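**Student:** The lines below spell out each chain.
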Amino acid sequence: MGMPNPDKLKKVEAEEYDTLVQQLKPKPAIFKNCVWAFTVGGLICVIAQLITNYLLVSGMSGTDASAFTSVIMIFLAAFFTGIGIYDELGKRAGAGSIVPITGFANAIVASAMEFKREGYIFGVGARIFTVAGPTLVFGFAVSVLIGLIKVFITS
Amino acid sequence: MPAKKKKGIQTVVFENPPVLTSWASIVGPKEGEGPWGGDFDWILEDYMFGEDTWEKAENKMLRETVKLALSKNNLEPDDAEILLAGDLLNQVISSNFAARELGMPFLGLYGACSTVAEALLTGAMLIDGGFCERIVAATCSHHHTAERQFRFPTEQGTQPTPSTQWTVTGAGAIVLEFLGVGPRITSATIGRVIDMKQNDMTDMGSAMAPAAADTIKAHFHDLDIPSDYYDLVVTGDLAKVGMAILERLLVREGLTPKPNYSDCGVLIFDESQGVNSGGSGCGCAACMLCGPLLKKMVKGEINKLLLVATGALMSPTASYQGETIPGIAHAVAIENY
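Taken in sequence, the protein lines are chains A and B. When you read off a place in the first sequence, starting at 1, and then add 6, the result is the number in our numbering. When you read off a place in the second sequence, starting at 1, and then add 1412, the result is the number in our numbering.
What the hints contain is simulated information worked out from the structure, not anything from laboratory work. Possibly wrong hints are sitting among the right ones.
Mimicking DSS-like on lysine-lysine, the simulated pairs with C-alpha atoms at most 27 Å apart in a straight line are [unchecked claim]:
hint	chain 1	residue 1	chain 2	residue 2
1	B	LYS1484	B	LYS1707
2	B	LYS1716	B	LYS1418
3	B	LYS1629	A	LYS14
4	B	LYS1484	B	LYS1716
5	B	LYS1417	B	LYS1629
6	A	LYS33	A	LYS97
7	B	LYS1419	B	LYS1716
8	B	LYS1468	B	LYS1484
9	B	LYS1716	B	LYS1417
10	B	LYS1707	B	LYS1670
11	B	LYS1708	B	LYS1484
12	A	LYS33	B	LYS1670
13	B	LYS1479	B	LYS1707
14	B	LYS1609	A	LYS17
15	A	LYS16	B	LYS1629
16	A	LYS33	A	LYS17
17	B	LYS1418	B	LYS1629
18	B	LYS1609	A	LYS16
19	B	LYS1609	A	LYS33
20	B	LYS1609	A	LYS14
21	B	LYS1711	B	LYS1479
22	B	LYS1479	B	LYS1468
23	A	LYS122	A	LYS97
24	B	LYS1708	B	LYS1479
25	A	LYS122	B	LYS1468
26	B	LYS1629	B	LYS1716
27	A	LYS17	B	LYS1629
With the Cβ distance kept under 8 Å, some of the chain B side facing chain A (calculated, not the full set) [as the list claims (entries may be wrong)]:
hint	residue
28	THR1465
29	GLN1568
30	SER1575
31	PRO1622
As the structure is a prediction and not an experimental result, all values here were calculated from the model. We put the beta carbon where it would ideally sit given N, CA and C, even for glycine.
From just these sequences and the hints, can you work out the full model?
**Tutor:** See the structure below:
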């Protein structure tokens, strides 16, 4: 029998430690968080639907009503981020307030507010998409891909 | 020449224990509302402290705390020989810029949230080593500067996990002298960097607990003292999650943590303050020491204190590159003579 491999021993030690950590670490309140996310996320959608319905009743076309609804929802999220309410909502609602378009607006406005102190060029300009950047990059990438697929299918 | 003040592997024992002659603490509004609000020298009304950025506010907190600690002894910044200070921000800017305004000879330190102990033990060695007679050890952290550097923009609606900690807005400064009246630093243990391969950026307690256990074990082993020697062993900012883990680890090492063990991150806030696991940051251990803990030592409610300040040596860049989070802890024994 040779000497035990020190790297292997370290790995076992780290694994044992992780087991202890997982035992003692409190688990997130998944059920409560889900209820919050469902309720808040649902409410945001209901508000958007009410706005759409109102616009449709006012005689707007379906496409225009959707676009205007998005604009209004983005404005509302930006506004509530600005007055410091959206982050409080996000603490409880989690995905419920992150996933809708309002969450995207919140990520951009929060970054803009945060980095304003470093100036408009190196602060706001350079870092406004710090958080939202990945969504944009991969969103654009996927849209191009889908566009190409469409070209191939239709031609 | 042999190192005659060294004992065991990583502990130093002071021949003429340096004296903590005065100290001061400044905390933010949330810390002021916590259970120890009455024990801090100065509670800020807001997070800006009259400045136009949070970083400038943090710098001012450190500067004012150093001045306040010195002024309690009727001293000016010029009267101290060295300022030993550090903070959490990149390039330790709060300390560097505070030192610029204070005009004191300055050594900048980085030990993440373990900085208060690192500064105290370095200072104590400088004094007992005969290099200087009076130094100031100081550190600070600010909730919002740490959030934006390590996590997300503050107005972003992210959901914290139960292991998330709240970075303390606070600063602490201690005047350490060769001569004077006050509690003394009798020994100190320099910690090793310990990495147990934890990589959850929302859980610093689990990353730091093994380092705290390693240092505490080394301290008791090097000095060969019983595990109930101290009236209180207090870790820096393990918070609830890390504290529970450390208690288990200590028992494994044959040390009994209860009833004389606690953690500044657990103590500093009340459960109802919405801080999840508890407090963190350089300011956490620093202002608990320079507020309630030293106050209790002066009153004689605590006579032997072991401060084990803990630091998660986390870097967002390294974490995104797949690195794990190493931890460090330094122990400083403060005793009434």
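**Student:** Now look at each hint and say whether the structure bears it out.
**Tutor:** Tested hints:
no.: 1; hint: B/LYS1484 / B/LYS1707; verdict: holds (14 Å)
no.: 2; hint: B/LYS1716 / B/LYS1418; verdict: holds (20 Å)
no.: 3; hint: B/LYS1629 / A/LYS14; verdict: holds (24 Å)
no.: 4; hint: B/LYS1484 / B/LYS1716; verdict: holds (24 Å)
no.: 5; hint: B/LYS1417 / B/LYS1629; verdict: holds (19 Å)
no.: 6; hint: A/LYS33 / A/LYS97; verdict: holds (16 Å)
no.: 7; hint: B/LYS1419 / B/LYS1716; verdict: holds (19 Å)
no.: 8; hint: B/LYS1468 / B/LYS1484; verdict: holds (24 Å)
no.: 9; hint: B/LYS1716 / B/LYS1417; verdict: holds (20 Å)
no.: 10; hint: B/LYS1707 / B/LYS1670; verdict: holds (22 Å)
no.: 11; hint: B/LYS1708 / B/LYS1484; verdict: holds (18 Å)
no.: 12; hint: A/LYS33 / B/LYS1670; verdict: holds (25 Å)
no.: 13; hint: B/LYS1479 / B/LYS1707; verdict: holds (19 Å)
no.: 14; hint: B/LYS1609 / A/LYS17; verdict: holds (9 Å)
no.: 15; hint: A/LYS16 / B/LYS1629; verdict: holds (19 Å)
no.: 16; hint: A/LYS33 / A/LYS17; verdict: holds (25 Å)
no.: 17; hint: B/LYS1418 / B/LYS1629; verdict: holds (16 Å)
no.: 18; hint: B/LYS1609 / A/LYS16; verdict: holds (10 Å)
no.: 19; hint: B/LYS1609 / A/LYS33; verdict: holds (20 Å)
no.: 20; hint: B/LYS1609 / A/LYS14; verdict: holds (13 Å)
no.: 21; hint: B/LYS1711 / B/LYS1479; verdict: holds (24 Å)
no.: 22; hint: B/LYS1479 / B/LYS1468; verdict: holds (16 Å)
no.: 23; hint: A/LYS122 / A/LYS97; verdict: holds (23 Å)
no.: 24; hint: B/LYS1708 / B/LYS1479; verdict: holds (23 Å)
no.: 25; hint: A/LYS122 / B/LYS1468; verdict: holds (15 Å)
no.: 26; hint: B/LYS1629 / B/LYS1716; verdict: holds (17 Å)
no.: 27; hint: A/LYS17 / B/LYS1629; verdict: holds (21 Å)
no.: 28; hint: THR1465; verdict: holds (5 Å)
no.: 29; hint: GLN1568; verdict: holds (4 Å)
no.: 30; hint: SER1575; verdict: holds (6 Å)
no.: 31; hint: PRO1622; verdict: holds (7 Å)
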